[in-house]
Amino acid sequence: MKKLLNDPADLVAESLRGVERAHPELRVDHEHRIVYRADAPVSGKVGLLSGGGSGHEPAHAGFVGPGMLDAVCAGEVFTSPVPDQMAEATKNIDGGAGVLHLVWNYTGDVMNFDMAAELAGAETDTEVAAVVINDDVAVEDSLFTAGRRGTGAAVPVEKITGAAAEQGRSLSELADLARRVNDNTRSMGMALTSCTVPAKGTPTFDLPEDEIEIGIGIHGEPGRRRVPLAPAREIAEMLMEPLLADLDFTGGDGVLVFVNSMGATPMLELHLMYAEIAAILDNAGVVPVRSLVGPYVTSLDMAGCSVTLTRFDDELLRLWDAPVAALGLRWGM
Amino acid sequence: MAVDVVDITALQRWLRTFAASVAEQRDHLTALDAAIGDADHGANMHRGMTAVVDALATASSDDPAALLKQTGMTLVKSVGGASGPLYGTLFLRMAPATGGATTLDAETFAKALRAGLEGVVARGKAELGDKTMVDALAPALDALDAALGGGESLAAGLRAASAAADEGRDATIPLVARKGRASYLGERSAGHQDPGATSAALLVAAAADAVAEQDDPS
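Order-wise, the sequence lines are chains A and B.
Under the UniProt record's numbering, think of the first position of the first sequence as 1, with each following residue one higher.
Under the UniProt record's numbering, think of the first position of the second sequence as 1, with each following residue one higher.
Rather than coming from a laboratory, the hints here were simulated on the basis of the structure.
Any given hint could turn out to be false.
[Stated by the list, open to error] Think about it this way: if two alpha-carbon atoms lie no more than 27 Å apart in a straight line, the pair counts; the simulated BS3-like pairs of lysine-lysine are: (1) B/Lys111 to B/Lys125; (2) B/Lys111 to A/Lys91; (3) B/Lys69 to B/Lys111; (4) B/Lys69 to A/Lys91; (5) B/Lys77 to B/Lys111; (6) B/Lys125 to B/Lys69.
[Said to hold, decoys possible] Residues on chain A that point at chain B, a partial pick, calculated with CB under 8 Å: (7) Tyr106; (8) Glu140; (9) Val197; (10) Thr204; (11) His219; (12) Arg233; (13) Met238.
Idealized CB from N, CA, C, for every residue including glycine.
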């Protein structure tokens, strides 16, 4: 393992020190590992809280700011944060209109946010609602799994709900909106290489030079199947086929096409993938109206990519275009 | 003659023994997790049990319920992931089931463990055979109840429980995971031992060791 580290045990804490120094528009509670927008709580606005394990940067702290989230809790690498952190953050972003938890669907995250809502309910009179983000079509959504993972959908869900929160919408309206964005979003990812968790020091799984993994998650969990390395055009097909089969993306007001790097894949390759994906969408009669290309929901140093499609309507498109000033997503401000 | 009760000293010994086994098996737990999960179970449990042992040093209470609650809260605060809420809930639910007694007789200790297991099941919504820690804990507590019902001592009952937990742990190997991150693998999760069932078997073994030591006539 070759990484920029002092001690792997201090990685998250030391990185949060850097976030604080580099971004004065954010406020960091180092004891609880919470990143707040500096002006939280915003009076009269519903507070939006998310978070999760570290290792997905710029998620989660990169999505804190006006027009997006009010705070996130950072866990250890690939490990959910704990209820104390979430309860503390919930209390501190309540501007009097309640707090919405946007929870990425992983067993640990869901359980910890559940316990946090119980704690916050016992200690304060803050009204809390939760919406679970689950968009990964690689996982069969059935009683026999923990359900679909929350991956790329977090970006449109958190962005669009954040824009609507700035307009002063109520907690229940925002929860409905977040669910609507989630329900209209699907993702599928692939890995060229494994990631290396710093505390472990070796790759999480072995992937030979001539093989790729289709349907991977964002924690180095192996995917559904392993296939020989193929040209990008064929990999794009492998990702798009299950996406387009799962939801009808034709019609409506077009789609957001989000091509995400898993961490180590450069923009040069990502844009090549975007071209392949756009060609497939053309053939399928799906109209891209907005794009997002880059590393947003990563898996440490994994090479590979994921594709997320969100079916827009007029309202979702307007909220997507609204100003946002987070470190990982910034326009119109 | 067996002492056959669990007092605050035995509970502390249980926690210290479990912490020591987790420290010793840390890399093994992480390796099992790397195969079907996300390679952090050993590190997380080690961090949590280190915090639990640290808290023992500063705790003044001799009330088992208070100790169990403190242990549960410490695990919830320090472990994260799914293991934090699950192991935390186990201890948190054990606390009220002690009925506030300062010395737990065999039946009360078994009842408290049962309440802990029910908390784990309620929190994680896992059933027997889902390839989780329940697969080690449930047979262990059944074996404990059967032994105590048959008039055996707590030490003998916990030995039987530990053997049943080990069997349950081994029986997770061919199972297809239905809960947690391993479930994302579907059929590919078969052939791997579940890390949660593995740490849960260590927890039961530690209880057997803690009570056996107490029973030593020396």
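Evaluated hints:
Proposed proximity of lysine 111 of chain B and lysine 125 of chain B is supported: the alpha carbons are some 20 Å apart, at most 27 Å. Between lysine 111 of chain B and lysine 91 of chain A the alpha-carbon distance is near 36 Å, which puts this suggested pair outside the 27 Å criterion. Pair hint lysine 69 of chain B plus lysine 111 of chain B holds up; C-alpha atoms about 16 Å apart against a cutoff of 27 Å. Note on lysine 69 of chain B and lysine 91 of chain A: the hinted pairing holds, with a Cα-Cα distance of about 24 Å set against a maximum of 27 Å.
Note on lysine 77 of chain B and lysine 111 of chain B: the hinted pairing holds, with a Cα-Cα distance of about 25 Å set against a maximum of 27 Å. Of the pairs offered as hints, the one joining lysine 125 of chain B and lysine 69 of chain B holds, with about 22 Å between alpha carbons and a cut-off of 27 Å not exceeded. Checking tyrosine 106 of chain A against chain B by beta carbon gives a least distance of about 7 Å; that is within 8 Å, so the hint holds. The restraint placing glutamate 140 of chain A at the interface with chain B holds, with a minimum CB-CB distance near 7 Å, inside the 8 Å limit.
The interface hint given for valine 197 of chain A is met, as the beta carbon of that residue sits about 5 Å from the closest beta carbon of chain B, less than 8 Å. A cut of 8 Å between beta carbons decides the hint on threonine 204 of chain A: the least distance to chain B is about 5 Å, and the hint holds. Residue-level restraint check for histidine 219 of chain A holds (minimum Cβ-Cβ distance to chain B is 4 Å; threshold 8 Å). With 8 Å as the threshold, the beta carbon of arginine 233 of chain A stays out of range of chain B, its nearest partner Cβ sitting at about 27 Å, so the hint is violated.
Interface hint at methionine 238 of chain A: violated, since its Cβ lies 17 Å from the closest Cβ of chain B, which is beyond the 8 Å cut-off.
Hint compliance for this structure: hints 2, 12 and 13 are not met, and every other hint is.
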